[in-house]
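All chains should be modelled from the sequences, with the hints used to inform the complete structure.
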Amino acid sequence: MNTTLNRGFLHSVQAFRDRPALEVAGEALSYDALFQRSASLAGTLARYEISGSPLLTAVFAYRSVSAFAGILGALLRGHGYVPLNRALPPERTKIMLQRSGCRAMIVDADSVKQLEQVLTGFEEELLVILPEADSVETLAKYFPKHRFIGKTGLLPHEDWKPVEISDDALAYVLFTSGSTGVPKGVMVAQRSVLRYVDFVCERFGVNQTDRFSQTFDMTFDVSVSDMFVAWERGACLCCPSEKALLNPARFISDSGITFWFSVPSLAIFMKRLGSLKPGSYPKLRVSLFAGEALPMDLTKAWAAAAPNSIVENFYGPTELTVSCTYYRWDAARSSEESEQGVVPIGQPFPGMVALVADESLREVAPGADGELLMTGPQLALGYLDDPVKTAAAFVKPPEREEIYYRTGDRVRRPLDGRPLTYLGRIDNQVKILGRRVELGEIEAVVREESGVGGVVALGWPKTTTGVRGVEVFLETEGSGHPELKARVERRLPAYMAPRNYRFLPSFPLNANGKYDRPALLKILELNK
Amino acid sequence: MNTTKPTPEDVREFILSLYAEKFKRAGLRVVPDHFDLVTGGIVDSMGVLELVGALEQKFGLELDLSGLDAEHLAMVGPLARFVSAQAA
Numbered sequence: 017m018n019t020t021l022n023r024g025f026l027h028s029v030q031a032f033r034d035r036p037a038l039e040v041a042g043e044a045l046s047y048d049a050l051f052q053r054s055a056s057l058a059g060t061l062a063r064y065e066i067s068g069s070p071l072l073t074a075v076f077a078y079r080s081v082s083a084f085a086g087i088l089g090a091l092l093r094g095h096g097y098v099p100l101n102r103a104l105p106p107e108r109t110k111i112m113l114q115r116s117g118c119r120a121m122i123v124d125a126d127s128v129k130q131l132e133q134v135l136t137g138f139e140e141e142l143l144v145i146l147p148e149a150d151s152v153e154t155l156a157k158y159f160p161k162h163r164f165i166g167k168t169g170l171l172p173h174e175d176w177k178p179v180e181i182s183d184d185a186l187a188y189v190l191f192t193s194g195s196t197g198v199p200k201g202v203m204v205a206q207r208s209v210l211r212y213v214d215f216v217c218e219r220f221g222v223n224q225t226d227r228f229s230q231t232f233d234m235t236f237d238v239s240v241s242d243m244f245v246a247w248e249r250g251a252c253l254c255c256p257s258e259k260a261l262l263n264p265a266r267f268i269s270d271s272g273i274t275f276w277f278s279v280p281s282l283a284i285f286m287k288r289l290g291s292l293k294p295g296s297y298p299k300l301r302v303s304l305f306a307g308e309a310l311p312m313d314l315t316k317a318w319a320a321a322a323p324n325s326i327v328e329n330f331y332g333p334t335e336l337t338v339s340c341t342y343y344r345w346d347a348a349r350s351s352e353e354s355e356q357g358v359v360p361i362g363q364p365f366p367g368m369v370a371l372v373a374d375e376s377l378r379e380v381a382p383g384a385d386g387e388l389l390m391t392g393p394q395l396a397l398g399y400l401d402d403p404v405k406t407a408a409a410f411v412k413p414p415e416r417e418e419i420y421y422r423t424g425d426r427v428r429r430p431l432d433g434r435p436l437t438y439l440g441r442i443d444n445q446v447k448i449l450g451r452r453v454e455l456g457e458i459e460a461v462v463r464e465e466s467g468v469g470g471v472v473a474l475g476w477p478k479t480t481t482g483v484r485g486v487e488v489f490l491e492t493e494g495s496g497h498p499e500l501k502a503r504v505e506r507r508l509p510a511y512m513a514p515r516n517y518r519f520l521p522s523f524p525l526n527a528n529g530k531y532d533r534p535a536l537l538k539i540l541e542l543n544k
Numbered sequence: 014m015n016t017t018k019p020t021p022e023d024v025r026e027f028i029l030s031l032y033a034e035k036f037k038r039a040g041l042r043v044v045p046d047h048f049d050l051v052t053g054g055i056v057d058s059m060g061v062l063e064l065v066g067a068l069e070q071k072f073g074l075e076l077d078l079s080g081l082d083a084e085h086l087a088m089v090g091p092l093a094r095f096v097s098a099q100a101a
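Order-wise, the sequence lines are chains L and S. Per this note's numbering, the first sequence runs over residues 17 to 544. Per this note's numbering, the second sequence runs over residues 14 to 101.
Treat the hints as calculated values from the structure; they're not laboratory data. For each residue, glycine too, the CB sits at the ideal point set by N, CA and C. Mixed in with the good hints, there may be bad ones.
To be verified - List time: in silico BS3-like cross-link candidates among lysine-lysine, alpha-carbon distance up to 27 Å:
#, chain 1, residue 1, chain 2, residue 2
1, S, 71, L, 259
2, L, 447, S, 71
3, S, 71, L, 501
4, L, 538, S, 35
5, S, 35, L, 412
6, L, 129, L, 157
7, S, 18, L, 167
8, S, 37, L, 110
9, L, 478, S, 71
10, L, 478, S, 18
11, S, 35, L, 501
12, S, 37, L, 129
13, S, 35, L, 447
14, L, 157, L, 110
15, S, 71, L, 287
16, L, 316, L, 293
17, S, 35, L, 259
18, L, 177, L, 167
19, L, 177, L, 129
20, S, 35, L, 129
21, L, 110, S, 35
As the list claims (entries may be wrong) - Chain L residues, not near chain S, derived (Cβ > 12 Å throughout):
#, residue
22, 137
23, 154
24, 351
25, 378
26, 401
27, 477
Listed below in structure tokens is the structure:
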């Protein structure tokens with residue numbers, strides 16, 4: 017059995033050669049054209065591979081043909097890919113690149129500007145492919161240690177040869193916020209992604225006439241769904257520009273989208289723009305939401321706006337490969353099944369097993385709440401080069417044989433026949449527009465940059481889907497270094513950077529002598 | 014909290030202060046009125062959603078976005094005037 021992630025794409029190249037595979041930035045590529053671009057990159061990666069290179073290629077590209085061809089090129093080379101994002105601070109991109117161990121990188125035209133910052137001081141020799149660059153002379157002169165290949169240096173696609181890879185070959189390494197101050201790389205195997213892709217293709221009868229939205233950043237693992245579900249069945253992936261994404265209604269109609277997938281926040285935004293009028297999107301046949309809590313009222317409005325569409329709530333952390341539970345919205349019963357105005361997360365994907373456990377990791381009684389742990393074929397391989405964090409999150413609960421991933425999500429263990437319900441977090445992780453934020457990571461960075469030991473970050477204000485932003489308290493008499501804000505922003509993605517810094521001579525403590533986070537939240541509420 | 018109605022200039026100042034570091038990096042000393050934060054590479058589309066939230070929080074209001082031309086949403090001047098007008 018072929019367990020490589022490019023299996024479906026290669027099949028579609030044969031079966032649907034001239035059909036559209038990708039529309040991005042005003043350019044449409046057929047399956048054949050996308051294959052040629054990707055195979056050319058794969059062949060070039062192989063030809064100039066640095067010896068001792070791990071089976072990973074970084075793709076520093078975004079909403080461009082090179083981004084998608086780069087990912088496919090890495091896979092055709094037999095590598096996993098590591099997505100990098102120019103919307104993140106270059107310092108963070110550099111840390112991700114270093115931690116990944118990648119010795120090869122594909123860079124698109126708009127990301128080149130940041131290359132200098134990312135490469136300055138980078139120790140290891142790198143192969144850097146710039147598929148759109150007419151000349152790489154300047155870069156090569158500036159960074160003599162690295163090898164740069166521009167447009168004219170690419171090998172023809174005919175030079176690509178298929179490679180054998182192992183069952184556990186990586187599909188991607190994706191970095192998520194880490195509570196101790198450094199992002200951690202989640203390693204996901206190709207076979208895990210295929211389980212996800214196969215289930216979704218079957219469930220929704222995906223076919224070559226479908227047109228998929230691509231709303232997610234590539235550094236957000238739900239983007240994997242858009243790409244590989246579409247290409248598995250010869251469908252077309254439609255990637256709007258950043259600007260076009262600000263008018264999703266127009267994007268849906270102009271691109272003839274049939275299969276929508278986004279964070280609930282984007283749908284809330286559409287509702288606020290007045291874009292969810294009943295009957296607005298008759299062509300949509302599947303609408304999926306994931307990444308954060310899905311409000312019931314929003315789902316009702318969406319179902320009315322897309323009257324011919326199935327609407328489902330998907331749930332799953334990166335460590336369980338894109339999504340691992342699903343719930344279909346049903347006007348007749350879903351209102352009653354929703355708790356606190358939030359749509360349930362439903363039931364595990366086939367083959368996945370859920371365990372709702374107490375602090376000793378023993379299963380709680382039906383109807384009780386606890387932490388959700390899951391295992392099955394979509395379980396990630398752990399965190400790259402981080403056995404300590406891997407051992408803490410991937411555990412064997414008492415009396416169980418398998419390794420489970422501790423999601424940190426609090427859910428209700430369903431009574432017979434009922435769906436799983438998401439209730440909140442058991443730790444200090446928050447979601448901002450669907451993106452995972454460890455408050456501990458923000459605290460660690462602010463602590464380092466301020467030299468102040470007492471730092472508490474809080475998600476604030478709360479919204480129906482998560483929190484809007486982050487506020488930070490520092491335990492100090494002073495008012496902080498004037499450069500503090502700028503220094504923190506150089507290290508954290510914009511959405512994680514604190515909106516306000518507040519200074520208190522001493523923090524309130526709880527009965528255990530720890531910082532009283534609810535009391536600090538109260539201060540924010542009172543100052544609203 | 015802000016109780017007086019913010020002028021377009023107040024809103025503009027706030028937007029510019031939010032992204033001061035990014036403008037500095039981009040080498041932009043003067044930000045034109047119709048500067049587009051998205052096409053100008055300052056924020057991505059999700060960043061615009063965050064900006065809307067930050068503006069509402071800062072000026073203590075809930076914006077009615079249904080009257081806004083999506084083209085203008087990421088433009089500094091038009092957005093500042095829109096927010097100021099809604100705060101009235």
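Evaluation of the provided hints:
| no. | hint | result |
| --- | --- | --- |
| 1 | S:71 <-> L:259 | holds, 24 Å |
| 2 | L:447 <-> S:71 | holds, 20 Å |
| 3 | S:71 <-> L:501 | holds, 17 Å |
| 4 | L:538 <-> S:35 | violated, 32 Å |
| 5 | S:35 <-> L:412 | violated, 45 Å |
| 6 | L:129 <-> L:157 | holds, 16 Å |
| 7 | S:18 <-> L:167 | violated, 54 Å |
| 8 | S:37 <-> L:110 | holds, 20 Å |
| 9 | L:478 <-> S:71 | holds, 15 Å |
| 10 | L:478 <-> S:18 | holds, 25 Å |
| 11 | S:35 <-> L:501 | holds, 12 Å |
| 12 | S:37 <-> L:129 | holds, 15 Å |
| 13 | S:35 <-> L:447 | holds, 23 Å |
| 14 | L:157 <-> L:110 | holds, 20 Å |
| 15 | S:71 <-> L:287 | holds, 22 Å |
| 16 | L:316 <-> L:293 | holds, 11 Å |
| 17 | S:35 <-> L:259 | holds, 18 Å |
| 18 | L:177 <-> L:167 | holds, 20 Å |
| 19 | L:177 <-> L:129 | violated, 32 Å |
| 20 | S:35 <-> L:129 | holds, 14 Å |
| 21 | L:110 <-> S:35 | holds, 18 Å |
| 22 | 137 | holds, 18 Å |
| 23 | 154 | holds, 18 Å |
| 24 | 351 | holds, 25 Å |
| 25 | 378 | holds, 39 Å |
| 26 | 401 | holds, 29 Å |
| 27 | 477 | violated, 7 Å |
Checked against the numbered hints listed earlier, the structure breaks hints 4, 5, 7, 19 and 27; every other hint is satisfied.
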